[in-house]
Structures are given as structure tokens and as C-alpha cells.
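Our numbering numbers the first residue of the sequence shown as 18 and each following residue consecutively.
One or more hints might be untrue.
[What the hints assert, rightly or not] Pair ranges (Cβ atoms, derived):
id, residue 1, residue 2, range
1, Asn155, Lys212, 26 to 34 Å
2, Thr31, Phe65, 24 to 32 Å
3, Lys282, Tyr326, 40 to 48 Å
4, Gly52, Asp302, 28 to 36 Å
5, Asp30, Lys320, 36 to 44 Å
6, Ser313, Thr59, 51 to 59 Å
Since the hints were made in silico from the structure, they are not lab data. Bear in mind the structure is a predicted one, so any value in this text is a computation, not a measurement. Every residue gets a Cβ at the ideal spot worked out from N, C-alpha and C, and that includes glycine.
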Amino acid sequence: MKNWLLEIERKFDTEDKSRYYHILNQSERTTPIPGFQAFLQTITQEDFMYYPNTEKFKKQLSRYCQVDVKKLFLCNGSDFGLRCIFQAFLDDYQNIVSTTPSFPMYKVYTELEQCYVKTVAHEKDYTIDIEKFKDTINNHTGLIVLANPNSPMGELKSHEEILSIFDNQFVKKFKLPVVIDEAYIEFTDNESMIKYIDDYPNLIVTRTFSKALGAAGCRVGMVFSNKKNIELISKFRQMYEISGISMKYCSHLLDNYDIVDTYIKEVKKEKKKILKLLKNYEVIDSNCNWIHFNNSIDNKNTKEVFERYKVLTKFCSIPHDDRTNWCRMTIQPNLSDEKFIKELV
């Protein structure tokens, strides 16, 4: 047995979301998707009976992302794509360079490869100093991972800042893979870094259908890089990347992307409303579809209101603050009309 596995901590999501009226804890879309009933009419028995052929869907994805289909790796959620990247590029006892706090699976996947994480903490304004980030890279680094926008604080780096990572001496010398996790990119005004994969051979970009596209239950993600990297990462793919029904639904979303685009615009508009309403709270905005907020009594009243209205959010600590009940709340269209928001303000 691999005894070192016993030291790796994994957590299960055991929250029963059916107990709540409002699900605002994991950046999921919770508003109805127009045309869903029409989509259901297209489902056939064959969608469940046969193994999926993903080639047509991958070509559709390549058109959507404007990239050669051979530079695309389809996977069961972008988190699985990240795991494949870690497996493909990390050797034992190397380090990865990332930020803290950030997506917790970075640490898990690193430890599964018997490696360790070197992190750069957020500054007091909740940004990441890109120069400190680059200075953390050393001759033991095997992989660089940066979420952009970053979770959970929602900071966004410019393309220029990200591309400056490739000027680092160790990145140049060892051709270190630089992974940009773009799970929330649709909520920003930034273009995807995918357009640079031909110019930077060690650039790898991950994307997902779980957030802005509102298909978290489908578990569909993508990895983009040059053909050589994709061929290597693909060695770790599952026999069939995603289920047939997930593929069909995500294809439907791409065919009707105006639904997604409208939702993104509504979320951005609603977030501005919520920020104004919470004038009696300390609020931290993000470049994603959530905010953090707290008050002088560490959100005691907020927790009471949310429990009464059966609202599920995250209560957590944040960098540079001693309070432990900062509320991280996902923004949804028309959220400001809800009674629990009106009671808070």
C-alpha cells in the first residue's frame, strides 16, 4: 500500500441542497434556463444506451473557442483536467507554485504526485503581487498554476502580467508548464488566454461549463494547449471523456449561447445593485459571480436571517482579517428582490 496516501486529506460535499430555498454557496446558476423543456424533448433512449462519440462535440467546442480541435482536451470537469496535467508534468518531490487561498484541489493533486505546494499570499488589497509570484519559482518547480480570476478573492490579472511569468529564468530554462485556470473568465471583460497557446508552448489553459454556462451537474471541462502537450495530457484521459447526456446538453448551450450571454449580463448588473444595498457592511467585490461581506458583529445577524429563509452560502475567514464569518454569496439575477436581502439591508 502507498502509505503516504493516508496523509492526504480529502473532503466530501455532504450538504443536502434540497433543504434550502436559495443555493448561493458554489457559484452555480440557480435561475431557470430558458428553453430547457424544449431540450428535454430531444433526449432519446440512445443517449443513455450507447457510449458517447465526442468528436462532433469537440469540433463544436473548437469553433466556439476558435482553436484547432487537436489542441483541445475534453474532460469530466476542469478539475479532472487539472489532475491530468499534474500527472503528466510533475515528478516526485517537485513543487508547484500557486496562490493562497485558492482552489483546494491544487494542493490535493500536488500531494497525490508526492510533491508540495509553494504559495504566494494575497496582499492587503486582496491582489497577488506578480513579482512575488515569479520570485517563488525555483529550480525545484515542476508546474505553475494560477487561477484567473482567482478563487476565492476574485482577483484578475491582465494578459501582460501573466505573460511576464514566461520571462522568469526557471520557466525559460526548464520550459515549465504555466497553467491558467479560467473557471470564471466569462464574468470578466478579459479575453481567454487560449489565444496565446501557439506563441507560448508551455502555456496550458483550463475552462469549464460549470459556472457561467450553468451546467455544473454535467461535469464538463476543457484543457487547451499545443498539440504536443495535449497528446501528453490525453494519456490520462478516461475511456470516454464525458457522458452522452452531458455532451448533448452542453452542445445545446453552445447552440443557444445567447441564453448564457444574457445570464452573465444579468449577474453583472445585479452585483452592482447588491453592492449598493449592502452599504452598512464591509464588502469585497470580485471579478467573478460572488461577493464577500461582513459587519462589526461578524455576520451574526446575517447567519440568523439566512437560516430563517433557508439560504445556503459560505461563511469563512479571509486573508488579513480575524473574523471567521465573512459571507461569500453567489450573485443571481433579481437577487435584490428577495426578502432575505431586504431584511439584511
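Hint check:
1. Checked against the hint of 26 to 34 Å, the C-beta distance between Asn155 and Lys212 comes to roughly 29 Å, which is consistent with it.
2. In this structure, Thr31 and Phe65 meet the distance hint of 24 to 32 Å, their C-beta atoms being roughly 28 Å apart.
3. Hint check: Lys282 to Tyr326, Cβ distance near 27 Å, so the stated range 40 to 48 Å is violated.
4. For the pair Gly52 and Asp302, the beta carbons lie near 31 Å from each other, so the given range of 28 to 36 Å is met.
5. About 20 Å separates the C-beta atoms of Asp30 and Lys320, a value inconsistent with the hinted range of 36 to 44 Å.
6. Hint check: Ser313 to Thr59, Cβ distance near 53 Å, so the stated range 51 to 59 Å holds.
In summary, the numbered hints that this structure violates are 3, 5.
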